[in-house]
Amino acid sequence: MMFEVAAVALFPAMFLALARAIAGPTVYDRVLAVNTFGTFTVLMIAVLGFMTDQKDFIDIALAYALINFIGTIAVLKFFAVGDFGYQQESKK
Amino acid sequence: MSTLIDLILLTLMAITAIAALQLKDLFGAVMLTGIYSLLSALWFLILDAADVSFTEAAVGAGISTVLMLGTLALTQRNEKSPSHPRILPLFVVTITGAILVYGTLDMPAFADPQAPIHTHVAPHYIEKSGEEIGIPNIVTSVLASYRGYDTLGETTVIFTACIGVLLLLGIGRRREDDES
Amino acid sequence: MISTVLDSLSWLLLLSGCACLLISAIGLLRMPDLFTRMHAAGIGDTLGAILVLAGLMLQAGLSITLVKLVLILFFLLFTSPTACHALARAALAGGQKPLLAENLNTENPISESSPTEQPLP
Amino acid sequence: MSMQLSAHLPALQIVVPLIVAPLSLLLRNPRLIWMAAFAATATCLGIAVALYSQVLQQGEIRYFMGGWAPPIGIEYRIDQFNALMLILVSLVGTVVLPFARTSVDKEISRQRQPMFWTAWMLCFTGLLGIVATGDAFNVFVFLEVSSLATYAMIAAGKDRRGLTSAYQYLIMGTIGATFILIGIGLLYMLTGTLNMADLAARLPDVTQPRTLKTAFVFIVVGCSLKLALFPLHLWMPNAYAFAPSAVTAFIAATATKVSIYVMLRFFYTIFGAEFSFGTMPLGEVLMILALVAMFSGSLVAVFEQNVKRMLAYSSVAQIGYIMLGISLATTTGLAAGMLHLFNHALIKGALFMAIGAVVYRTGSAQLDQLAGLGKKMPWTMAGFVAAGLCLIGVPLTTGFLSKWYLVTASFDAGRTVIPVMILISSLLAVIYIWKVVETVYFKPALALKPGQEAITEAPLSLLVPLWVMVAINFGFGLQGSVIWQTVLQAARQLAGES
Amino acid sequence: MNWIDHYNYWIVIFLMMLGFYAIIASDNLVKKIIGLNIFQTSVFVLFISMGKVPGGVAPILRDDPTVLYSNPLPHVLILTAIVVGVATTALALALVVRIHEAYGSIEEDEIHEQDQLAG
Amino acid sequence: MKHHSILRIITKLLIPLILLFALYVQFHGDFGPGGGFQAGVIFAAGLILYALVFGLDTASEVIKEWVLMILVPLGVLIYAGVGVASLILGGNFLDYNVLAHDPVHGQHLGILLVELGVGVTVAAGLTTIFFAFAGRGRRNPEGALITKAANPTQEPQR
Amino acid sequence: MNRLVHGTSLALTLAVIWYLLSGHTEALLLGLGCGSAATITWLALRMDLIDHEGHPLHLTFRAPLFWVWLMWEIIKANGQVIKIILDPKLPINPRRFRVPASQKTDIGKVIYANSITLTPGTICLDVTESDLDIHALTADGELGLKSGEMDRLVTRLEGDS
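Residue numbers (the working numbering), protein chains in the order written: chain A, 1 to 92; chain B, 93 to 272; chain C, 273 to 393; chain D, 394 to 891; chain E, 892 to 1010; chain F, 1011 to 1168; chain G, 1169 to 1329.
It is possible that some hints are incorrect.
What the hints assert, rightly or not - The list that follows gives simulated cross-link-like pairs (lysine-lysine, PhoX-like), each with its CA atoms no further than 25 Å apart:
#1 Lys769(D) x Lys836(D)
#2 Lys369(C) x Lys1314(G)
#3 Lys369(C) x Lys116(B)
#4 Lys369(C) x Lys1257(G)
#5 Lys172(B) x Lys116(B)
#6 Lys55(A) x Lys220(B)
Just so you know, these hints were derived from the structure itself, not from any lab.
Chain A on its own, in the form it takes in the complex (with noise of 0.2 Å):
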């Protein structure tokens, strides 16, 4: 019972990044809306996983917290450099 009553109200906060998503006004504040739903889904996907007993789903979502880093990383390159293929970084 717990996880279904976690997974609905894991809803209202799901659209609410939705409409900070949708509504903007920045690029920046849709990058950010993004990367915070990513958050909501990743516990909401291990809240599901405990919800229909199916532990399997972890690893899904260890797969897409692990993931959801990149797209932010490459927005990044987008602002700050516009390339993707420029020499941004020594190794050390």
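Chain A is fixed; fit chains B, C, D, E, F and G onto it per the hints.
Same frame as chain A, but now just chains B, C, D, E, F and G:
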């Protein structure tokens, strides 16, 4: 319960899709497409399609977004307003949608356990894969063995796309003489 | 007995976690500019995630699931500040100026027409 | 061993090019890759011929991929029609590849050639895979393999318009493929199976006519997009006109024909003729579209100034002929349509190769640039004229054969107006072919632009494949009755009459 | 007929048509691809909704023999279709990049104009 | 952009974990959700992250282009090779039963290899595609953009 | 030498994580796990990821205490920000300022900066040689940081390495 979640998610998807398509700023549209794919991943999860959800999350969150941003970085970020109303497309879309809705009227109800797809072929996978293949994940059994040939095709598709992109863009340092 | 305590504790953690997430989303909507919104988003990324995941961990017991939940939390705590920082850098590089107290009208802190609200990239 | 090998021919038909494609990429040298590709294609032709003789001897061949019996697994099912299609695709491949080598050398930079040949092989693999499979979803997978490769190849040329036309084709093609996917999904929903034979067996028991009709409509529209049936042909002229010449010759001869094959497979094998032409008003709709396609395609071709585009519009018209035969809903009509499908593939292959040879020398396919080429490139232009005669349907050529049977089939079906239409549309074909002939033979040659090399006859490496193709055309024309019987037999089998 | 049985399908159809409209109506090449993504994803949703069994779980075998599993076959088909979708998107984006290099624009009407001018 | 220490250090920490997780997904597709394709995507994502943070030149020193050009076809070849192997061992194409003495073992082995093939092609293929896109906007040694990429910070039309 | 130590320790860590994730004890999967850990370590060495930054061994023993302290800080800071968000008047007072960072190494500064960002109410915008560029939601946040407690703790965590 899951019906409720299912409906909420579908509604959110509809909102996201509309917002993504009416944005003139392509960057924002790409971001919203990311959310759309996340929502669909969640939705797949509600419908027990764990593998599909995994794929959609990985692709939608990582690869698609990065490739789209890469394209925007090389092209331009905003869309011009369409100069003329689009009657014909609207007409085509309405007709197509109407045909589909017509088609749904006879469909087996959502999640009907007596629907043909649950009584033919699939039961074999569910009941026999344990002894025939011997691995727990039925999706993997079907994907890699029963319908392994499709998956060979799928791998070939990725290979083809890779070759196609290389044929168009080339890899490595771009050379002036390489261009058409 | 112990399971009842565990259950009620994880109820508490989960619900308060969800509340945190909701508050964070409200903050995301209410705050006047990008940088202040980041603070709001931070609640969800830190406390919200910690509470929800802790609630789940109590239910998981000693199992692989627990390890995976810990790993998720670990990743979130590493990536979210980094992503936040990266975004802030991107915004600054893109010419966004944070809305600061000296520019704020103290009577009406959320001024819709404040100059930084202008749509910048 | 040989016994064993012959049992695996259906798999080898696709596996050989499928393995050669990635393997050849490792070779890195364009020449070597081309040789590997040619060897694979020729092998495929051999396999296809062997398969056809097997089918004639043993009847339908079934091959279970992974050893799983259908409908659990995917099966390959070869009957006479598939086998003929396999021969057609690999024959065109084998003839066009030598032509492509020289032509591509000029149009695509050496360092991109490895990719290009790999894409070519993948396209070839995909086409064979679509034809051989007996599984509806597998059709979609291989359709995408061939389509993706085709998009990339079309955009690989020097003309920047190739990029936009490839993009347009990609969008339209993906819509088409997705429509087919929706249709397959609905069929699956109704029956629970994806195997074509199993679908055919289970569809008559389906009690949900509306969903079934919707599935049918989506598959028809999807296939029509892919095969460029009249109102959905918009992607084709540009794609053919601005692709590298060899690519045009190859895909014009194969890709649309394979799509027609898919459509026929769905009509006859899966839905059954009774549903397709009885329950659904397919015959009438197709006939109208086919007639409009015949006229509009030919008319636009008459006024077109770019010869490649002209031929592309001519293809729209010729696809109209094929669909016309199918729309008669009789076995002879089907056979006539199928015969025209094979003929048109070979004729268009030859025509596009001829024009490719011209582009190789002059760098342009504009009609006015062709002036006086009859003297400078006599063999190329003779090949063009010979193939053009087939296209028009002069007696003793393949084109005449298929049109003749179309006419008789329509008389049999009681449609007496259609022969008149065919005649008029053929006259239009005479006009546009004549326009080229007139320019080539009766107009003075253009003065050379400064720095331009003198135009000479195309190299042998282009001429030989061209004339081989022309010879095949005339050979078919001479063996008319044999060919007709072969196709008729395949059509009977497809329609379930044998 | 219970409306909720088909409500799912209707939203999915609405989403599909939304994507479809964006593909054929928008002038911007990238927007078309976004539309294509939405269109294809919605088709995937249609497929997956077929496979649901009430009270079912993900088709991963468990020891408990009473468990109901959802139908694995649509999942497999859609996995393949997603891969195809990614491949198509990548190729389309590569084309867009090249088109922008060649024409300096990703608006269909502007490109068309340039082609007209060039003859 | 010289001192982006946060990004650099966190990325250094994360990449091995992402790659490990990718391989975990690759080899546990039999037991839970996941498999070759998902693993390939995650692996590629790890490599892309590396290329994004440390630059394309550094990345292509670590993952040489020619290696990628071998790996992409290699995956397909592994897959098709398993099929051919089963042909040679007397089964139908892709019939894994004949790969080992016991059909179930054969299936295990076949699926493992086949998924590996998918994983290799997908990981290498997606990385190659990213490299192709990123390399397109490469700057020449003088620091000027080779392509005329639009200024990304330009004002979007609203 | 250093690379060897770091490499071995990374491989071991990865193998342990693999085992924790997998939970399967069949020889095949364990073997694959070892193989994976070795492959990734090799790749990480190639990528030059393994050094005191990418694999901070020297922090292992002092970190847990710091984490506990940080958790407490996070909870406290969260409480404040939640109060602000729920306040109908939204009493924010955003400010941007710099604080000195006394850490010697980059990794120390990164820990400091991320700790700042992790505690809601303060965000680190930029890291330079000697100080951090901070955005704070309220004056309290600024005061808290300027007291320098976190700075000291992170420096102590960093130690002499």
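Comparing the hints with the structure gives:
Proposed proximity of Lys769(D) and Lys836(D) is supported: the alpha carbons are some 12 Å apart, at most 25 Å. With a CA separation close to 23 Å, the supplied pair Lys369(C) and Lys1314(G) stays within the 25 Å bound. For the hint linking Lys369(C) to Lys116(B), the alpha-carbon distance of about 23 Å falls within 25 Å, and the restraint holds. A C-alpha spacing of about 23 Å is found between Lys369(C) and Lys1257(G), which places the hinted pair at or below 25 Å, so the restraint holds.
Of the pairs offered as hints, the one joining Lys172(B) and Lys116(B) holds, with about 7 Å between alpha carbons and a cut-off of 25 Å not exceeded. Distance hint between Lys55(A) and Lys220(B) is fulfilled; the C-alpha atoms sit about 24 Å from each other, no more than 25 Å.
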